[in-house]
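Engineer: Chain by chain, the residues:
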Amino acid sequence: MTILAPQVSVATVPVPYRVAGCSTESADTATIALEPVGSPLPAFTPGQYAMVYAFGVGDIPLSVCGIDGDRLTHTVRSVGATSRALWALRPGTKVGVRGPFGTAWDLRSASGRDLLVVAGGIGLAPLRPLVHGVLAAPEHYGQLNVLIGARTPGDLLYAEEVRRWGALVTVDRPDAAWTGDVGVVTALLDRAAFDPPRTTAFVCGPEVMIRAAARELAHRGVDPGRIRVSLERTMHCATGHCGHCQLGPLLLCRDGPVVTWTQAQSVLSVREL
Amino acid sequence: MNGDGTREVKLGALARVEGEAALHLCVREGEVTEARLKIYEPPRFFEAFLRGRAHTEPPDLTSRVCGICPVAYQLSACRAVEDACQVVVDGQLAALRRLLYCGEWIESQTLHIHLLHAPDFFGVDNVIELARTQRAEVERGLRLKQAGNRIVELLGGRSIHPINVRVGGFHRVPTRDELRPLAERLRWERDAAADLVRWVAGFDFPEAGCDHELLALAEPGTYAIECGTPTAMTAPSAAGLPADTDRALPTRAFDIHDFSDHVVERQVPYSTALHSVLDGRRHLTGSLARYAISGRWLSPVALEAARDAGLGDPRQGTVCRNPFRSIIVRAVEVLYAIDEALRIIEAYEPPSPPAVEVPPRAATGHGATEAPRGLLYHRYTLDARGTVTDASLVPPTAQNQGAIEEDLRRTVRGRLRDGEPTDAELTALCERVIRNHDPCISCSAHFLDLRVR
Amino acid sequence: MADGGAPAVIDKAGLDALIAVLLGRGRTVIGPTVRDGAIVLAELSGGDELPYGWGVELEAGRYRLRGRADGAGFAHSAGPQSWKTFLHPPRERQWTAERGADGELAFSEERTPPPAFAFLGVRPCDLRAIEVLDRVLTGGPHADARYRGRRQRAFVVAVECTEPGATCFCVSMGTGPAVGPGYDLALTEVLDHEGHRFLVRAGTEEGEAVLAELPQRPADPATRTAARERVAEAADRMGRTMPPVDLRTLMRDTLEAERWNDATARCLTCGNCTMVCPTCFCTSTEDITDLTGDHAERWRRWESCFDLDFTHLAGGGSVRSSPRSRYRQWLTHKIGTWHDQFGSSGCVGCGRCIVWCPTGIDITEEAHALNAERAAAGQPR
Amino acid sequence: MTEGFLSSLPPTLRGWLLGFAHDTAFPGDIRLFEEGSAADRFWLVRTGLIALDVHIPGRGAIVVETIGDGELLGWSWLFEPYQWHLGALTRTAVQAYEFDAPQVRAAMDEDPAAGLALFRAIGDQVIGRRLRSARTRLLDLYGPDTSRAYESGPAR
Amino acid sequence: MSTDGGRRPKLAVWKFASCDGCQLTLLDCEDELLGIAEEVEISYFLEASSAAGPVPYDLSLVDGSITTRQDAERVQHIRSVSRRLVTIGACATAGGVQALRNYADVAEFRAVVYAKPEYIATLATSTPISAHVPVDLELRGCPIDRGQLVEVITAFLAGRKPDVPDHSVCFQCKQRGTPCVIVAHGTPCLGPVTHAGCGALCPAYGRGCYGCFGPSNSINFPAFIPLLRRDGMDTLDVVRAFRTFNTAAPEFDAVSREEARR
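Chains as they are written, first to last, in the working numbering: chain A, -1 to 271; chain B, 30 to 482; chain C, 72 to 452; chain D, -3 to 152; chain E, 57 to 318.
Bound-form chain A, shown alone:
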């Protein structure tokens, strides 16, 4: 039995971080940049998450949406007490961070292959550092396609950056100024240039969207073992000890959030598993 024995249990006890910046993404969503006050946490890898603690309120899992040295960025949508507190943070405020936790996208295993990134809503956040990774070394990969679905044009995250990526964007509900695609994100697959057998796909978004997209990709010939999806369940401890995030055989805080469609397909097909 191998047991990690860090001096400070950074998996259990938060480490102080300072809010270095925050920007509004949409009405209910903000991106916060965090810098360590003292020693930083071990390095994060795209796809992994941190438990971010708002003082006195609680902590929630937030995927990293940007990694720059010791600086972590997270995009948070205000849906509960803790996310509301984090969403409302101002620069200079201190928070606690635990991590890194969970499985990563594992971009390296897609070396030399076509890449298909499919994101729905706030699901773009954990995929962003993956795209950064590809753009930093395009020579290692084949075709990169980024397909993004957003509820409305105003809900699109990182709009400037997304334009630079050349991503295909579709919205459910256009406004008067929107001249782009309208519809669900899977409809964009027809316009993406990828060779299914040579493709590794990375999918994140609402679970219904993940199910539809992964199923469609598999139908088009992408190997289910090469479709990587990021799943979400309630996480409390992030260390595999509290049991809340179980999804069938998976302990998602440890075995996820990123799993292959091979793993996810059967567990997502059982209601209330």
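The set of hints was computed from the structure by calculation and includes no laboratory data. This list has only true hints and no planted wrong ones.
Calculated cross-link-like contacts (lysine to aspartate or glutamate; reagent style DMTMM-like; alpha-carbon spacing at most 20 Å): (1) E:Lys217 <-> C:Glu357; (2) B:Lys67 <-> B:Glu37; (3) E:Lys217 <-> C:Asp365; (4) C:Lys83 <-> C:Glu279; (5) E:Lys217 <-> C:Asp361; (6) C:Lys83 <-> C:Asp141; (7) C:Lys83 <-> C:Asp291; (8) C:Lys83 <-> C:Glu120; (9) E:Lys217 <-> A:Asp26; (10) C:Lys83 <-> C:Asp119; (11) E:Lys217 <-> C:Glu368; (12) E:Lys217 <-> C:Asp380; (13) C:Lys83 <-> C:Asp263; (14) E:Lys217 <-> E:Glu207; (15) B:Lys67 <-> B:Glu460; (16) C:Lys83 <-> C:Glu114; (17) C:Lys83 <-> C:Glu234; (18) E:Lys217 <-> E:Asp192.
Cβ-to-Cβ under 10 Å is the rule here; a few derived chain A residues that face chain D: (19) Asp170; (20) Arg171; (21) Pro204; (22) Val206; (23) Arg209; (24) Ala210; (25) Arg213; (26) Ala216; (27) His217; (28) Glu230; (29) Arg231; (30) Thr232; (31) Gln263; (32) Val268; (33) Leu271.
On the chain A side, residues computed to face chain C include the following (Cβ under 7 Å): (34) Gly56; (35) Gly238; (36) Cys240; (37) Pro247.
Note that beta-carbon positions come from the ideal geometry of N, C-alpha and C, so glycine has one too.
With chain A fixed as given, assemble chains B, C, D and E onto it according to the hints.
Structural biologist: Leaving out everything else, chains B, C, D and E in the frame of chain A:
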């Protein structure tokens, strides 16, 4: 001031009393024409819905009449049901009941002293303000109050609506080991209570008296709490004495089974509480009455504290009829209850089983105990299966209403003789007069003797 | 595991001495004792607190103490608690945080030294349960430091099972009634015409050292034989069995079985089965603050997958909203997906969940029924 | 049954199709299929109501459409990978003709004329009609912003 | 909870038909009382103070049920001057023991208790606060638990969700280490259907839970009622067991009516 020279003082909602009440006072040409303690606490119909319940249920159900003195309700109910079923609970079980009751006395009396009554003597609105100048005393009071709660919590499970009391005894009795830490704390608190008596004795008290009969339970050899015989002391005027006389007067006792022949409730239009009278005369229950009836049975430490506080020696026939000084008597009762609790704990042997069987019986039972604010009487009629067919509850505040209104009249009249007070002054004075008797409005709002028709 | 040298025999006075020695070594001794009409695990100060002469009568949803004429001290089955209560307590502080006037945060890990427990009377099934908890709480990428601290310091006196209850099925789960590895000392209680005595073996050096301090005699063949026979007889007297199939596969194959509806009709979702289970480890976190708001604490407390809010998603409802899905989660996890997550079954066959379920839902009966339903439906899907 | 899908078919085709049918009935609250599972059967509803739903963790089953008397339940069996896109739950007791999908597909291959006619009928009467109505509903759902109820955020 | 300009949040405590016990719980927080008073401004609390602060209030605690027309109007006013409204106790949350009137003719009840019933203006039912105005949180119990009250106030101050679990008493009973009284003694106990919060007191004292915290969030009466019968309760006992302090809670009300029809 109205055009006809009538002056009305209306106080919408009385503060620092338990429950909802208002005051209505009319003054005309220096005379008080009307003094009403108007209780508008919504009625809750306990006596009606007790009908049809099992004979084991009154302790838990009637506890909910009052969150301030639930133990009083539970134990009066137990006594009445046990009386109907001809069961006597005695020995260590009775001692534990008294211990539980001591806890409620300590809690409730310190609550009243510090949080409700003392602010009046310092001219502040509440205990938080009081704590700004009397921090140590308030903290001591809260600690004492907590000690009372700890007794109730240990024996009863929780301080409000304890869960461990049952007809026949308890669901579970504590071990000696469980009581030991409590005793350690109470030994400290006994000194604190002696300090408390000294503190309140130093307050500034107006001269006052009360011309009411005093009604309390009496139990030879002890300061009656959880049992005793109703005993009344004559009002001073009947003996040709002034209302503020401190002399003990003749007493008479009557059997608890005859309670409703002596204490009769009647309804007044302005109140959801029923007023009651003792043998047709106004009477007062509570600390002043208990001290008058049972004072000589206080423990030595309590007697000494009472004497040092200027209450005189009850063994020498001295009583206290100044309602403003009731705060001192309450403090003495706190000290006594702590002392008594310690005595019970030291003599404690766990009884087995924790309750005696109380098989139902078709009969009517009566029970009375001394709630912190006065005598609380319960009566139940059971059928052979133990179903309650009739219930009557007579709480102390209902009994005291007449006395409170008379105190209002007397005090306001006296004040008017000293010159014209402002409305604010008059209001504050009336509130103090009411709070002297620690009225518990929740208790008083739902009762009637069924025979009054 | 040390081979522990030669087995010895001690009597009741030896057991008293054992408790005294363990107390003398600064340990908090936890063992069985009678309280509230049950044999509970509590702190012991002497051997006279052991439940000599007490046995239990067990059925699904029913537990009754009954006297035993033979005066045995360990002839009772699993009680309402397990050692989890002490190793993985119901409520525990994990860290505290202070916010300074300048807004700086300081976090301090809970560092109160863990108690040095001595567990007296650990039944073989429970010893395996402790091993399961070890894997869950210290075997993954992140070890639970508090648990590990208590666990590493704990001294385990196992007692072999000679009196299984009607709800026991450790033989099915391969966890008893003979003791497996992991003990410091192992006892086997023997009562016959030669008297009331215990065969003792040491499993560790500390166990040997403790044993050496006790009044004892070398184990005689008769005592050894009697001990072996009593344990062997116990194996034949198991009240219940699990179906002799791969339970992990059975659970995977029957996720949509009708039988779940049947069990759920009887399930109160009270969570009692999870709380009494010696391996159920789930917890929830509590964040508390004081009135100033500048002092915060993180606590965790036992939680259960039967709680509707266990799977509450932020901004939504519960994933497992139906009682059916919650009961299914418990059972399929316990004997199915536990293997995937932690490399073993989560069930040790102690029968507590059967006894302490108010409506008497029986894990073995449910497994048999699921197996029968699968068989009736033909091949596994 | 006089209305619905069957009545839109020419009589010969109707007879041909019903040749593969067998009668079936379900009580209310029975799950006929799950999203993602194999689409190996389909039904023509004679009486009763079926809800098509999507399961969203934490929110339960969200009903997107209902299928009633005379309507065809299921068309995913026509196209690879023959997997249901939605789940189906009976809301009331249901009586229906049930068809074995592989058998019907094989028959469509064997008799291309009948196959094409059936395919056209499904494309027009079922898929096309539902697509049109879904788009109309989108207009309702995504029409002028309906003000969101104030989220007072009660703790529980 | 952010308040304007960093001032102390204002707390108000209101009373309707009740025994006062739940608001007394605030005064029973001896260790915390002065601390609370430092962190929040107790603006309205008649039982404790004769001073009343100006509206609006950041947090209103409401004790008691609605039994008169005036009270039904008063609670509307309270809602309108309160940013957050938390009901405290079984009366405010489920109508309290006085909701037993809901099963009877109130005119008759009134006549039993009062000689001149015409003096008494009261409604035919006792209803919870939530039947009249939106409520942000309902704190259960007859009476409420002191620890839960402090938790609600501190959580309010920290902007945190109060940790007030909705599961059954059994959860707390097991955490407390009490052997189940149903299983070990055959004692009827409402724990499996009752909301946690009391700390599982009654079983710890050897008695069955009597449901003073009302229904939990996951109840299976068809499986539970037979246990009560098995352990010696007859139909009348079962009806009485659910008709106490939370009698008007919908789940308890329904099961007691169903049992009463037997």
